[in-house]
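2 protein chains.
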Amino acid sequence: MAVNLSTPNPADLRPVPGVRLGVAEAGIRKANRRDLTLIELAPGSRVAGVFTRNRFCAAPVQVCREHLAVGDIRALVINTGIANAGTGEPGLAAARGTCAATARLLGIAADQVLPFSTGVILEPLPVERLVAGLPRAQADLRADGWFAAAHAIMTTDTLAKAVSRTVEVDGRTVTITGMSKGAGMIKPNMATMLGFVACDAVVSQDLLGALVREAADLSFNSITVDGDTSTNDSFILIATGQAGNAEITAAAGAAWAALREAVIDVAVRLAQAIVRDGEGATKFMSIAVEGGTDRDECRKVGYAVAHSPLVKTAFFASDPNLGRILAAIGYAGIDDLDVSRLRVWLGNPDESVLVAEHGGRAASYVEEAGARIMAHSELTVRIDLARGSAAATVWTCDFSYDYVKINADYRS
Amino acid sequence: MAVNLSTPNPADLRPVPGVRLGVAEAGIRKANRRDLTLIELAPGSRVAGVFTRNRFCAAPVQVCREHLAVGDIRALVINTGIANAGTGEPGLAAARGTCAATARLLGIAADQVLPFSTGVILEPLPVERLVAGLPRAQADLRADGWFAAAHAIMTTDTLAKAVSRTVEVDGRTVTITGMSKGAGMIKPNMATMLGFVACDAVVSQDLLGALVREAADLSFNSITVDGDTSTNDSFILIATGQAGNAEITAAAGAAWAALREAVIDVAVRLAQAIVRDGEGATKFMSIAVEGGTDRDECRKVGYAVAHSPLVKTAFFASDPNLGRILAAIGYAGIDDLDVSRLRVWLGNPDESVLVAEHGGRAASYVEEAGARIMAHSELTVRIDLARGSAAATVWTCDFSYDYVKINADYRS
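Quick mapping for you: the protein sequence lines, in order, are chains A and B.
Residues 1 to 412 (my numbering) make up the first sequence, in order.
Residues 413 to 824 (my numbering) make up the second sequence, in order.
Check each hint, because a few of them may be wrong.
[Claimed, not checked] Quick list of simulated restraints, FRET-style, between CB atoms: (1) A:Gly44 with B:Val778: 51 to 57 angstroms; (2) A:Gly388 with B:Asn444: 35 to 41 angstroms; (3) B:Glu626 with A:Glu367: 54 to 60 angstroms; (4) B:Ala551 with A:Glu367: 37 to 43 angstroms.
Honestly, the hints are just simulated from the structure, not real lab data.
In this text, a Cβ means the ideal position worked out from N, Cα and C, and glycines have one as well.
The shape of chain A in the complex, shown without the other chains:
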């Protein structure tokens, strides 16, 4: 039961000039399931990525890092069903074999291919079935393939996640389209979060690299369902350079500002979609922390609240449980936090109420107001640390019976 999320309208997903996508049934783990996606990029495209910091990172993540270091990427291959993680040397060979086969098919070099896998971990990737499916994915390549691809990369997602928008850059219309998958690190062996955003802007490789890191920081790295970081998390930003704008080479000026804002917006919406589809989620929660001395301490507080099982179960119960929120702020790890100065508000899209100040419950707060706010499915906990001017927001979902049910019943 996703929270305020619906399947994207195919007509809303705009093709990005220079990008074609094709899908196929390769029988990776299950029959009659589109589980293979090929993305072809026009010559001259630039690609940047960020990846999981889990030390048990999957084989394809290792290969992606190697190939991005070389550059001149021309294709991406994504399979679901098997994550190719915890697979040792044979897993690396399978990821490299995937790239080699794709390269032969497209007439490019193996290190111009980025491989991605998501699904069960600790199981071998059936690379021969994947390779056998590649020609069918190639035959399916088309500019309007985003809707089909967003479905083909799903694992336990209940809905496909894709977003598109345009933005004026240097007098040209730039198109940005992206897709993501993941039900938020909660599906143990279904390894996790993938995000792909493509635009046709002309932007230098350095700036693209900076933008993918900033966008990831503000989107996929600002969400949590249960604090578990997967082995396969990957976020890729593509710029095909076909929009014809003057190349953006400095992080300044109107063109950069417009592109930056639009890419971050798309990434945030894709990341939020993962939280909205978090298994068992009934509430979408924004933990907005302001007044910190730096962004890092705001994130610490945001994550402490967002990860607290006590806060998450209280939100599931629509219980405005201030004690749990205050306790989580208190143990977030800011040693010199002055709790007598901080203020906390609970809000939904209709109203926001001061609930805590002076180290305890706000004198003006009444339980009825808290209960009224919590009845909504979109909730905000706003926290002013009153120490500085930095801010950060973390998005999460609540913690329900269904979370335990799904994760306890699940057998690999």
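Dock chain B against the given chain A, drawing on the hints supplied.
Same frame as chain A, now just chain B:
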């Protein structure tokens, strides 16, 4: 449903010479409930403590820190029902008032009293009812009051937690008795963990301070139910000095070794009792990490596994889910961890099986062995990081439907 834990036998709880305990019904929050405990210490007793690092620490914790800095503690007062946390200046006044009233009653100074509160947070402590109950607690003072006190300090605990043992120190028999309360930080407004251990050894104040920190580190600071750190956590170690041994003044020699071992043993058993009584717990899990470069990184790995909702729900389901364990190890924060070298075993008191090595599932592992081990209620995850010689163990419980039910249904 506590895991392999039962009510202590009153006859097993040995009086500690120099310590008397009394309980009373003070009506702090509920009627007909022993909710007030007074502990009187003989002159010359030494006391040391460690407290929550939560910035929202409760008023009594602040007062305890002040009074311990002065020293010469002669009494402890513990109330349940109201935690006196998140109560601002009035809360501090209530804690100080408790000490002043106790001091008048016993003919000592107010700063010779340590106050402790546990229960609902954000509510004012009814200090006048507490003070009115003190004479009845005083009238009840007796050396064999541990069993009654262990019950009177309970909040949502399903069982009282108390442990006693003796040890030879310098040819004298030293008695160590302790009690604890807490269902493991999982009861939001029922603020949390208290531990009191008393012995009659003669030991210097400096060593007592070192021992309370070491014992806390190896016991109460090595457990987790859900990662939520409370506002009131306190652990107190008392040495009345009545055993007649030569004063222990150096962290060396047989007398120190014997006392140290026995105090840590009592603290560990009291801490484990809290996990065994963790709400919704059906399994008691030891995460034993070895081969680390230092104890800190072993604890990081232990806590990453122990806090993972995915691991905890898998254990609830008796599912030997290796992927979840390996992923948690991978994101524990050891940047240069070589996953190809680490090894993981699953075990119960009867057997232990190698389940992972070389970056993936162990070749010798079969699912049947995992399932057989997981059928037990006492489980060990042993992890060899193969980087050094440090080790640390973290204890936790599994994560069940009942956890969500208890915490979602709970209303302050």
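message = Taking 37 to 43 angstroms as the stated bounds, is the beta-carbon spacing between Ala551 of chain B and Glu367 of chain A within them?
response = 40 angstroms, holds
message = Given a hint of 51 to 57 angstroms, does the C-beta separation of Gly44 of chain A and Val778 of chain B actually sit inside it?
response = Between Gly44 of chain A and Val778 of chain B, where Cβ atoms are some 52 angstroms apart, the hint holds.
request  = Return holds or violated for the Cβ distance of Glu626 of chain B and Glu367 of chain A against the range 54 to 60 angstroms.
outcome  = 44 angstroms, violated
ask   = CB of Gly388 of chain A to CB of Asn444 of chain B, is that within 35 to 41 angstroms?
value = Since Gly388 of chain A and Asn444 of chain B have Cβ atoms about 50 angstroms apart, the given range 35 to 41 angstroms is violated.
The earlier numbered hints that this structure contradicts are 2, 3.
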